[in-house]
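Trainee: Once you have looked at the hints, place chain B on chain A.
Protein chains: 2
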Amino acid sequence: MSEFQQVTVAKKANIYFEGKVTSRKLTFADGTVKTLGIMLPGDYQFGTDAPELMEIQVGELDVLLPGSDQWLHVSGGESFSVPGNASFSLKVQTVTDYCCSYLK
Amino acid sequence: MSEFQQVTVAKKANIYFEGKVTSRKLTFADGTVKTLGIMLPGDYQFGTDAPELMEIQVGELDVLLPGSDQWLHVSGGESFSVPGNASFSLKVQTVTDYCCSYLK
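Protein chains in written order, with my numbering: chain A, 1 to 104; chain B, 1 to 104.
Please keep in mind that the hints were generated in silico from the structure rather than gathered at the bench. Don't take every hint at face value.
[To be verified] Below, a list of computed lysine-lysine pairs in the DSBU-like style, where the Cα atoms sit at most 30 Å apart: (1) A:Lys-91 with B:Lys-11; (2) A:Lys-11 with B:Lys-11; (3) B:Lys-104 with A:Lys-20; (4) A:Lys-12 with B:Lys-104; (5) A:Lys-104 with B:Lys-11; (6) B:Lys-20 with B:Lys-104; (7) A:Lys-20 with B:Lys-20; (8) B:Lys-20 with A:Lys-91; (9) B:Lys-20 with A:Lys-25; (10) B:Lys-104 with A:Lys-91; (11) A:Lys-25 with B:Lys-25; (12) B:Lys-12 with A:Lys-12; (13) A:Lys-104 with B:Lys-91; (14) A:Lys-25 with B:Lys-12; (15) A:Lys-12 with B:Lys-25; (16) A:Lys-12 with B:Lys-11; (17) B:Lys-25 with B:Lys-11; (18) A:Lys-104 with A:Lys-91; (19) A:Lys-91 with A:Lys-11; (20) B:Lys-104 with A:Lys-104; (21) B:Lys-104 with B:Lys-11; (22) A:Lys-20 with B:Lys-25; (23) B:Lys-12 with A:Lys-104; (24) B:Lys-91 with B:Lys-11; (25) B:Lys-12 with A:Lys-20; (26) A:Lys-104 with B:Lys-25; (27) A:Lys-12 with B:Lys-20; (28) A:Lys-20 with B:Lys-11; (29) A:Lys-20 with B:Lys-91; (30) A:Lys-91 with B:Lys-12; (31) A:Lys-11 with B:Lys-91; (32) A:Lys-11 with B:Lys-20; (33) A:Lys-104 with B:Lys-20; (34) B:Lys-104 with B:Lys-12; (35) A:Lys-25 with B:Lys-91; (36) A:Lys-25 with B:Lys-11; (37) B:Lys-20 with B:Lys-91; (38) B:Lys-104 with A:Lys-25.
This is chain A alone, in the form it adopts within the complex (with noise of 0.2 Å):
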């Protein structure tokens, strides 16, 4: 699928770590939100409301998952997933982007 049809998108970009991540934010017609978003290299910490799954459509990390003591690398075409409530850190190390879907 390369293109999402009938969404609503918000103007304002979200901005996170003086712009290195970056993401707009994509509601359905059946009231699911996606973000896509880009980073740049560089380490950052994420907390989740929702259960996440991030689908890395171009890009190379690494990922340390809630509860996990060991890194995974991700490349472009794969995805994890992170359970809600939790936090997860990345090591982003080429320009990566991605779509997020916020699961209920």
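Mentor: Okay, now just chain B, sitting in the frame of chain A:
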């Protein structure tokens, strides 16, 4: 207008200047196209095909429009237009969130 409704959004980002400039393509029901983008501080030169209206939502930058020898300062909440088949230069001072409309 804080959001765009019933649009088609390309899932993959456009990535320029090693990720310091990125954008997302939105296609509207009437076929018109806008991009929502982020520019990190830096100096950039861009070319246009169609004429463009650049709305700066957040940020501080200077623009050198085609045929001009004078840099203009543009702040969040301001806009500028660029003719088609032209090039323009930007000196972006702070993280900039923009909406670019491609005119006919």
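Trainee: The structure should be examined with respect to each hint, and the outcome stated for every one.
Mentor: Now the hints, each set against the structure:
no.: 1; hint: A:Lys-91 with B:Lys-11; result: 23 Å, holds
no.: 2; hint: A:Lys-11 with B:Lys-11; result: 16 Å, holds
no.: 3; hint: B:Lys-104 with A:Lys-20; result: 33 Å, violated
no.: 4; hint: A:Lys-12 with B:Lys-104; result: 24 Å, holds
no.: 5; hint: A:Lys-104 with B:Lys-11; result: 21 Å, holds
no.: 6; hint: B:Lys-20 with B:Lys-104; result: 28 Å, holds
no.: 7; hint: A:Lys-20 with B:Lys-20; result: 9 Å, holds
no.: 8; hint: B:Lys-20 with A:Lys-91; result: 18 Å, holds
no.: 9; hint: B:Lys-20 with A:Lys-25; result: 20 Å, holds
no.: 10; hint: B:Lys-104 with A:Lys-91; result: 42 Å, violated
no.: 11; hint: A:Lys-25 with B:Lys-25; result: 13 Å, holds
no.: 12; hint: B:Lys-12 with A:Lys-12; result: 18 Å, holds
no.: 13; hint: A:Lys-104 with B:Lys-91; result: 42 Å, violated
no.: 14; hint: A:Lys-25 with B:Lys-12; result: 14 Å, holds
no.: 15; hint: A:Lys-12 with B:Lys-25; result: 14 Å, holds
no.: 16; hint: A:Lys-12 with B:Lys-11; result: 17 Å, holds
no.: 17; hint: B:Lys-25 with B:Lys-11; result: 9 Å, holds
no.: 18; hint: A:Lys-104 with A:Lys-91; result: 27 Å, holds
no.: 19; hint: A:Lys-91 with A:Lys-11; result: 28 Å, holds
no.: 20; hint: B:Lys-104 with A:Lys-104; result: 42 Å, violated
no.: 21; hint: B:Lys-104 with B:Lys-11; result: 24 Å, holds
no.: 22; hint: A:Lys-20 with B:Lys-25; result: 20 Å, holds
no.: 23; hint: B:Lys-12 with A:Lys-104; result: 24 Å, holds
no.: 24; hint: B:Lys-91 with B:Lys-11; result: 28 Å, holds
no.: 25; hint: B:Lys-12 with A:Lys-20; result: 18 Å, holds
no.: 26; hint: A:Lys-104 with B:Lys-25; result: 27 Å, holds
no.: 27; hint: A:Lys-12 with B:Lys-20; result: 18 Å, holds
no.: 28; hint: A:Lys-20 with B:Lys-11; result: 19 Å, holds
no.: 29; hint: A:Lys-20 with B:Lys-91; result: 18 Å, holds
no.: 30; hint: A:Lys-91 with B:Lys-12; result: 21 Å, holds
no.: 31; hint: A:Lys-11 with B:Lys-91; result: 23 Å, holds
no.: 32; hint: A:Lys-11 with B:Lys-20; result: 19 Å, holds
no.: 33; hint: A:Lys-104 with B:Lys-20; result: 33 Å, violated
no.: 34; hint: B:Lys-104 with B:Lys-12; result: 24 Å, holds
no.: 35; hint: A:Lys-25 with B:Lys-91; result: 27 Å, holds
no.: 36; hint: A:Lys-25 with B:Lys-11; result: 12 Å, holds
no.: 37; hint: B:Lys-20 with B:Lys-91; result: 12 Å, holds
no.: 38; hint: B:Lys-104 with A:Lys-25; result: 27 Å, holds
Hints 3, 10, 13, 20, 33 from the list above are not met by this structure, while the remaining hints are.
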